[in-house]
Amino acid sequence: MRRTVLVATLSLAMPGAAFAGPASDAVKFFYVPQVKFEADAQYRDRFTEPVTKLFDLNDQAMKKNPDQVACIDFDPGLDAQDFDQKTVSKTLKLSEAVDGDSAQVVANFSLLPEGDGAQREMHWSLTKVDGKWRVSDIASKTSDWTLSQLECMAGQDPE
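Residue numbers are given in my numbering: position 68 of the sequence shown equals residue 70, and the series is strictly consecutive.
Don't take each hint at face value.
Stated by the list, open to error - Below, simulated DSSO-like cross-link-like pairs (lysine-lysine); rule was C-alpha separation at most 27 Å, straight line:
| # | residue 1 | residue 2 |
| --- | --- | --- |
| 1 | Lys38 | Lys55 |
| 2 | Lys95 | Lys130 |
| 3 | Lys38 | Lys66 |
| 4 | Lys143 | Lys130 |
| 5 | Lys130 | Lys30 |
| 6 | Lys143 | Lys95 |
| 7 | Lys65 | Lys38 |
| 8 | Lys30 | Lys55 |
Please keep in mind that the hints were generated in silico from the structure rather than gathered at the bench.
Taking the hints into account, I'd like the entire structure generated from these sequences.
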C-alpha cells in the first residue's frame with residue numbers, strides 16, 4: 003500500500019511532462035533533463051538513415067569550413083535555436099503510436115514562457131533496431147519541414 007501511494011505521489015509531483023512508453027523515452031532523452039543537439043556525434047547511435055547521412059554531411063561541412071555555418075544551424079528537435087530549458091521541460095507532452103517495429107512520437111512544448119511562435123509540434127519517426135528504438139526522421143509540423151528532406155550540399159564534393 004505504501005509503495006502504491008509513493009508511486010502515485012511521485013508521478014503527480016513530476017513536471018507536466020506526459021510520457022507514453024519506450025518509444026517516447028527515446029525522444030524524451032533529447033529534451034530533459036536538458037536539451038541535447040541531435041546532430042552531435044556522441045548521439046549518432048540513436049539514429050538511422052536517412053538522418054545519419056545528413057548528420058555525416060553536416061560533420062564534413064564543419065570540417066571543411068569550420069568558420070562557416072554548417073548544414074544544420076538549429077536544433078532539429080526544437081525547430082529553433084533559442085529556448086528556455088525550464089519552459090521546455092515543464093510544457094513537454096509526448097504521445098506515441100506504435101505499429102510493430104515502427105513508432106511515431108509527437109512532442110508538443112513551448113520554447114519560451116511567453117511570446118508568439120513559441121509553441122512547437124514535432125513528429126519523431128522511430129524504428130526498432132536490435133530491440134532499441136532509433137530515430138529515423140524528425141518533422142516540424144509547426145514550420146512544415148522534415149529533417150530527411152533537408153539538403154546539405156556543403157559537405158559534398160562537387161561532381
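Query raised in the report: Going back to the hint list, which numbers does this structure go against?
Result: Failing hints: none at all.
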